[in-house]
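Line by line, the protein sequences give chains A and B. Each residue of the first sequence is one higher than the last, beginning at 1087 in the numbering used here. Each residue of the second sequence is one higher than the last, beginning at 1087 in the numbering used here.
Since the hints were derived computationally from the structure, they do not count as laboratory data. Just to be clear, a hint being listed does not mean it is correct.
[Unchecked claim] BS3-like mimics (lysine-lysine), calculated; alpha carbons at most 25 angstroms apart, straight line:
#, chain 1, residue 1, chain 2, residue 2
1, A, K1114, B, K1419
2, A, K1305, B, K1305
3, B, K1136, B, K1111
4, A, K1107, A, K1136
5, B, K1136, B, K1107
6, A, K1114, B, K1111
7, A, K1111, B, K1136
8, A, K1305, A, K1136
9, A, K1114, A, K1136
10, A, K1442, A, K1457
11, B, K1457, B, K1305
12, B, K1442, B, K1419
13, B, K1107, A, K1305
14, A, K1419, B, K1419
15, B, K1305, B, K1175
16, B, K1136, B, K1175
17, B, K1419, A, K1111
18, B, K1419, B, K1175
19, B, K1457, A, K1419
Predicted model, so just to flag it, every value in this text is computed and none were measured.
Number of protein chains: 2
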Amino acid sequence: MTTPLRIGIAGLGTVGGGVVKIIQKHGKLLAQRGGAGFEITAVSARSRNKNRDFDVSAYAWEDDPVAMSRRDDVDVVIEAMGGEDGPAKAAVETALAAGKHVVTANKAMLAHHGQAMVELAEANSACLRYEAAVAGGIPCVKALGEGLAANGMTRVMGVLNGTCNYILTTMEKTGADYADVLHDAQQLGYAEADPSFDVGGIDAAHKLALMASLAFGTKVDFEGVKTEGIDRVSLEDITHAADMGYRVKLLGVARMHDHGLEQRMQPCLVPVSSSIGVLDGVTNMVVCEGDFVGQTVFTGPGAGEGPTASAIVADLVDIARGVRTPAFGVPAKDLVAANRATSLTPTAYYLRLALKDQPGVLAQVTDALGKSGVSIEQMHQNANGGPGATVLIVTHETTRDALDEALTAFEASENCLAPPVSLRIETV
Amino acid sequence: MTTPLRIGIAGLGTVGGGVVKIIQKHGKLLAQRGGAGFEITAVSARSRNKNRDFDVSAYAWEDDPVAMSRRDDVDVVIEAMGGEDGPAKAAVETALAAGKHVVTANKAMLAHHGQAMVELAEANSACLRYEAAVAGGIPCVKALGEGLAANGMTRVMGVLNGTCNYILTTMEKTGADYADVLHDAQQLGYAEADPSFDVGGIDAAHKLALMASLAFGTKVDFEGVKTEGIDRVSLEDITHAADMGYRVKLLGVARMHDHGLEQRMQPCLVPVSSSIGVLDGVTNMVVCEGDFVGQTVFTGPGAGEGPTASAIVADLVDIARGVRTPAFGVPAKDLVAANRATSLTPTAYYLRLALKDQPGVLAQVTDALGKSGVSIEQMHQNANGGPGATVLIVTHETTRDALDEALTAFEASENCLAPPVSLRIETV
Chain A
1087 MTTPLRIGIA GLGTVGGGVV KIIQKHGKLL AQRGGAGFEI TAVSARSRNK NRDFDVSAYA
1147 WEDDPVAMSR RDDVDVVIEA MGGEDGPAKA AVETALAAGK HVVTANKAML AHHGQAMVEL
1207 AEANSACLRY EAAVAGGIPC VKALGEGLAA NGMTRVMGVL NGTCNYILTT MEKTGADYAD
1267 VLHDAQQLGY AEADPSFDVG GIDAAHKLAL MASLAFGTKV DFEGVKTEGI DRVSLEDITH
1327 AADMGYRVKL LGVARMHDHG LEQRMQPCLV PVSSSIGVLD GVTNMVVCEG DFVGQTVFTG
1387 PGAGEGPTAS AIVADLVDIA RGVRTPAFGV PAKDLVAANR ATSLTPTAYY LRLALKDQPG
1447 VLAQVTDALG KSGVSIEQMH QNANGGPGAT VLIVTHETTR DALDEALTAF EASENCLAPP
1507 VSLRIETV
Chain B
1087 MTTPLRIGIA GLGTVGGGVV KIIQKHGKLL AQRGGAGFEI TAVSARSRNK NRDFDVSAYA
1147 WEDDPVAMSR RDDVDVVIEA MGGEDGPAKA AVETALAAGK HVVTANKAML AHHGQAMVEL
1207 AEANSACLRY EAAVAGGIPC VKALGEGLAA NGMTRVMGVL NGTCNYILTT MEKTGADYAD
1267 VLHDAQQLGY AEADPSFDVG GIDAAHKLAL MASLAFGTKV DFEGVKTEGI DRVSLEDITH
1327 AADMGYRVKL LGVARMHDHG LEQRMQPCLV PVSSSIGVLD GVTNMVVCEG DFVGQTVFTG
1387 PGAGEGPTAS AIVADLVDIA RGVRTPAFGV PAKDLVAANR ATSLTPTAYY LRLALKDQPG
1447 VLAQVTDALG KSGVSIEQMH QNANGGPGAT VLIVTHETTR DALDEALTAF EASENCLAPP
1507 VSLRIETV
């Protein structure tokens, strides 16, 4: 047994508390697995006297997380505060600059500062690890960066925000509106009081940007993720999609093309019976595709005390074992700045059009699509009880350009009562 | 860039050939990821002049794999020959004894000699790695040994043999008999000419024994796996199970109890819509449950050239990176020899009884079950066209002892026309 790994924990909320509990419960097991004892030496949080369901009285207390990062009796800093800048960033930078290892669950911080932080880490021979930042308890950072390292990755996908998946699946199951389900999710603790980070797709886009970097050896480019939230997904579209054999998911997709890196986080349709289609509730899913392995799928809890702390402590075990894998799969100097690209690969789309309910209008739609080379796989028309009709279309594979041309032509017509809704159908 | 990792490959069939192809295609990528170049220096196989769809003429040839293991220009031996003893074992032992690292896909060899081999490896500061031996391309050895290392594992389960899952799902879909589907699977290359290792559950039991060791820190105990094959699963049971909302899977389950380690590989019923129930065809699935992470599920290709080679080369990347994780999660000296145990946890069962079709017989069945404390959740009776009737029962949770008592009592009766069929219903 070598000398113990001395751990400082910054942030004692759900995540930091979970880490304390694991280390207190599994001390002997972790020492066996890691080859070194795990010793929490210092902690830091906003309030020292808050009621907590775990005991930190045996550890040194620091009001300032940066001061904790500087302590001589801390070898590894766990950053569990959150926030892309501010004290989290300062504590991490201080630790890395001092050659201390850092384990963090902070996807926002890494999505914005990942490249600078990994450069700082490598310059100081320190490890920067973040399994908990992507898909909580699912060891997908390890899978992408290590387990699938033999592959040229072709596509990574993920349902990465449990709140959004809960809202979308509950809307379908109960027939309740977005606003009502969001409200219930807030009551149940599945959604924050300010839900915009979740439902706007931003939290999931942070995670996708990290996955893309790992998969393709590119510099983290969060701003390059085309991000759309679920707030504009209507119950009507969910219901119509289900009728046609699809489910709506907030799906992240990253793919490397010859002309650059495609990164999207947006509501998409997937077949009901596909691996992604069957995913219910707050569970997360990561799909990795490589040129030799084919498709592998990882499912599990994407958030919560136990799963997130499990991921953090697994990173600690690796550090104790002497694992020094590069944070984004290759050394920081080898990470490339990829062009941003949209896919030129044809795909199918779901369309919902609000039309005047009168003779000849449907012919106008099919004509506009036909002129742009968009062919139709399914079409359904429902009178909607008012002056108009709803037309639902699933297209065959088409380019986004061709579809936009048709929709633009059609939208200019007086027979179009509202902007057309179009959702991509992802092949999974 | 450090000095290259010099690789010797023993066995140039599907698996060894896949490894050659990956290293030839992804040389630059692997060097970036591993921090060292990958150089195949020597190969060995039964026939030098066999037609192969890859070129090994640039590498030294050894007729004898043991001689290859001894070569000074080989740092890592990839064992891709198969067979639990014989040349595979000899080549691996020679390499480990010389302090060379070994990567193997050979579950049979490790299931029988895993403990001795890991002791030999550690005594010589060599790595023994086997990601490819369990569930092919799914990085589940890494997940269990590293990604979930923070957890006290509570249960691991797996659908670990693609041939069996293909046969069972095809029987349900097509209504064809076991023998016919097996024959088709052999034509398609999904099943061996001698299928007994697969359909007898032995191949899957090898893998389960390795997973259990990793999960629970126990010495590999293949003989302790209670193994039943799928050859006794009838189309009748598959159809009846489907009617009642279940699917039949060859499911491996390992669980640690206070009284010892339970290891089972047997046909079980699982709910149709559960994560295991939806698994189709040759795909494998691994389910890991830990006290902090909860349940994580990994799905992917369990066999084939690309996936198996992907797993082997991932192990090489780890070796190049200097990763020296203990093969079964903790050092060999800490692995414990667990008692063998059967579960005392009550579970539900599916029963199929062949009865005389006459008054009072059904009452005799319910009476026998009731006396042993077994209560009934579902019961269906079908006249089977002959002198008898088929009675299908799903019990509530009961112990195996109570069920056996009832079945033994019933089997002794003259009204029982054939031995009762009972299949466990696994909670997933």
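So which of the earlier hints does this model not fit? 2, 6, 7, 8, 9, 11, 12, 13, 14 and 19
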